[in-house]
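Protein chains in written order, with the UniProt record's numbering: chain B, 1 to 275; chain S, 1 to 327.
Any given hint might turn out to be false.
Stated by the list, open to error - So the derived list for chain S, only partly shown, Cβ under 10 Å to chain B, looks like this: (1) 26; (2) 31; (3) 174; (4) 182; (5) 283; (6) 286; (7) 302; (8) 306.
To be verified - FRET-style restraints, in silico, Cβ to Cβ: (9) 23(S) <-> 169(B): 20 to 28 Å; (10) 29(B) <-> 104(S): 47 to 55 Å; (11) 53(B) <-> 316(S): 56 to 64 Å; (12) 88(S) <-> 184(B): 50 to 58 Å; (13) 30(B) <-> 233(S): 55 to 63 Å.
Treat the hints as calculated values from the structure; they're not laboratory data. Backbone N, C-alpha and C define an ideal beta-carbon position, used for all residues, glycine too.
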Amino acid sequence: MNVSTLAPSRRLALPTLNGRQRLGAALLALLLAFAWLVPWLFDADPARQQLTRILQLPTLAEPLGTDHLGRSLLARLASAVRLSLGMALLSVASAAIPGVILGVMAGWRGGWLDRVLGSLADACLALPGLLLVLLLVAIAPGNFWALYVGISLVLWIEYFRVVRARTRILVASPQLEASRLLGFGPLYLFRRHLWPELAPQVLTLAAFGAASAILAMAALGFVSVGLRPPTAELGLLMIELLPYYHEAPWAMAQPIVVLFVLVLSLNLLAGRDPR
Amino acid sequence: MSVTLASRTTPRWTAGLGSLLLQRLFQAGLVAWMVGTLTFVLTRSLPGDMAYRIAAGRYGHDMVNTSAAEAVRAELALDQPALGAYFGWLWDLLQLDLGRSLVSGEPVMTELWHQLGHSLGLAFLAVLLSLLLGPPLGLLAGLKPNGALDRVSEVAASVLRALPPFAVGLVLILIFSVTLGWLPAAGHGRFAHGILPALTLALALAAISSRVARNAMSDVSQSAYYAFSRTKGLGERLSFLRHGLRNAAVPVIAYLGVQFVYLIEGVVVVETLFAWPGIGHALVHAIVARDVPMIQGTALVMGLMFVALNTVVDLLCHWLDPRRRSA
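The shape of chain S in the complex, shown without the other chains:
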């Protein structure tokens, strides 16, 4: 009896949370399996003798000899039959043993640990900037659909969506670094270095989130409950704060999950453009150098980051919108 009473009085925002987390945990397992299998297939299907190819990546094409190739062969267990090697590979992956980078010789985990910090910093700044730019603009536009602000922001959003992140970054570099000389074009170390890469990512994210916020707000402002909040005597500001904001926030936050695909893809390209020492930059370098353990490690971390970010969005929506909990 007391249980039912307690659940009636306290908000049960943990209801349905278990299945939600279980689903994301399953997804994380899928990511690890897929990255492991794809990189395994990748190493086995490199043209030519694998050991020589990787030794060439490590020591330079002119410095390869048989002993170097044999060392690589022993290290990566290339002489074992494929199926046994595959399960050995997956087993190492499950223990988070990612091996050593073929280029630097450092453990992959150590390298990733440094890079992940830089990438997360950049991603965080980008999401923060996009939330400061996009939704407020969208909410203002949604209050007066088809007004001047709505039209201008729609055109701006279409333009930004048609430009890939690297082109946006190039244009920003040309304006702020080359022409105005305000911000450094590339590099890392000071806060100023992070502004342009974060802004590049944020502009594209804001282009979408502003439209989502605008549509949500125009739905809310035409709804019966919003009209009722005005009828019962609340001012424009109060009805917006009490009835508009939270309802419009749910689709914006839910859509953030879809945008993370864009964010993770953007990180690869934008980090390369701005020479930002994160995992996107590392992934591209590893692919160019055919550093297989590094490719596997970075792809795994990026995939898991994607799942983790989506879980955060799930939790936020779960907390914001009580109607989803019973569903």
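Next comes chain B alone, as it looks inside the complex:
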């Protein structure tokens, strides 16, 4: 047993970033700035059509050019990034919070609660995630909430499994036992002993989870069962611009590049290998 496990330091809750993670954080910050500064700095409406100016090359007034309906690609991309990040944040939060709480409960209590929750997680794992999301989306095509519920339902399992496994070990540790004997309540034990150990792993999962939420939404948009036009969504932007790849390859490339940078930044931020 080394000293650091005896005295969990505050530093563990906010891990210091290594080089790759810093690069990821910087890329993500750039995208955030792009998404929220564009509507503030430009008079940009992602849905305004100007049919006299379709598929125009980038100009000073339209820094990223226009699409096949003369809509501003700058405004549409910024709006799509806001949508993707918003969805990712929402589904990660609503997957992580119940996932962590249930994981701690199952790992701590054990017994029938552990078995019930464990088999629930196994049931959700029996189907590939996107298939589960597709089945839920089939109920209400084009509906943001069906998409969101589906993605969150897939994501919570990972938090649950990781947190449950870690909690089981941590609960048996002598330092937690000592605190418990001193009469501290479960909330204090969680804050003092469990969370500092769990936080780095939960944050890694959150970054990967955000990336997979963004990819799932784009994939569904791309096969036209996700959100509906005229919503600006990265997958939809790609499939809409696909017929014009010959006339406007630069327009086609933009949503691909943005999606790539978005997912790359989150993967870099997560740090480790996806194992």
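Following the hints, complete the assembly by docking chain S onto the known chain B.
Chain S alone, transformed into the frame defined by chain B:
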């Protein structure tokens, strides 16, 4: 006595196999139950009158009339109470009676049978290509960790992992079909049609398997038994073949199971992009047309395919790694 002798001399690779298969069988049952329940809830919660919605999907929105809707209602037993209908639905599912497609009128099983062949062909080609690309590259990189090849392949893997399969497919189409004109962009029939969709899936799979192989190989090459094989006089090639390959293969094969999630999800998207007539393509079409028996059938088959592939991986690992058998 003879039993213990026999078990000592012959490799007991069947030990522990029963519980492993039982577990996967249970998982297959779970898949059927979940798909059945979800599609049942799906049909019951469609907004508006179910019968009219489905009749609209079948005959077109302008051609719906009451008699068509009533025919649908009778066919799907929509007028029955929910609980009875639910168990009837599950009972049909257990007998593999998937009904008829609401759009084409063909039995779902017949349609799925055709599509499954195409999807399995594509999946097989993709896994084969990914195994040819990923692990050999990873093994070479793992022999010299942090060498030039290791760094280049790491960057390439990160880039590929950040691109979703449909974006990889688009880029491949733009390069090989549009610019170079070597391969057809979409369609089916000749072998050439399968190359781009399979490559799209394979690149993403190889991105992960190359890293897994690299980590496994660098672990193996730093291990005591690997050093000992060199000390006892085996050459670099022989120690790699005899002591490196099999040990590095176990994590790569085990990780294949995790990758099948990606493969099945990728099939849905990639088949749609390349207009490949498989079950992923069919699922998307069924969802757009609200063809409920087709949705149920394709989801069921894809779920069972996932379980079957995982079982194959279990069996391979079981056979490769004797240490797992006692566990």
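Do the hints match the structure? See the list:
With a least beta-carbon distance of about 9 Å to chain B, the hint placing residue 26(S) at the interface is held under the 10 Å criterion. The criterion of a C-beta within 10 Å of any C-beta in chain B is met by residue 31(S), whose closest approach is roughly 5 Å, and the hint holds. This hint holds: residue 174(S) has a C-beta 6 Å from the nearest C-beta of chain B, less than the 10 Å allowed. Because the smallest distance between the Cβ of residue 182(S) and any Cβ of chain B comes to about 17 Å, over 10 Å, the interface hint for this residue is violated.
Look at residue 283(S): its Cβ gets to within about 7 Å of chain B, closer than 10 Å, so that hint holds up. Hint status for residue 286(S) relative to chain B: holds, with the closest Cβ pair at about 8 Å, below 10 Å. The criterion of a C-beta within 10 Å of any C-beta in chain B is met by residue 302(S), whose closest approach is roughly 6 Å, and the hint holds. Taking 10 Å as the C-beta contact cut-off toward chain B, the hint placing residue 306(S) at the interface holds, the least distance being around 6 Å.
Hint check: residue 23(S) to residue 169(B), Cβ distance near 24 Å, so the stated range 20 to 28 Å holds. Checked against the given bound of 47 to 55 Å, the beta carbons of residue 29(B) and residue 104(S), roughly 51 Å apart, stay inside it. Between residue 53(B) and residue 316(S) the CB atoms are about 58 Å apart, so this pair conforms to the stated range of 56 to 64 Å. Between residue 88(S) and residue 184(B), the C-beta spacing of about 55 Å keeps the proposed range 50 to 58 Å intact.
Between residue 30(B) and residue 233(S) the beta carbons are some 56 Å apart, a value that agrees with the proposed interval 55 to 63 Å.
Violation of the numbered hints given earlier is confined to hint 4; every other hint is satisfied by the structure.
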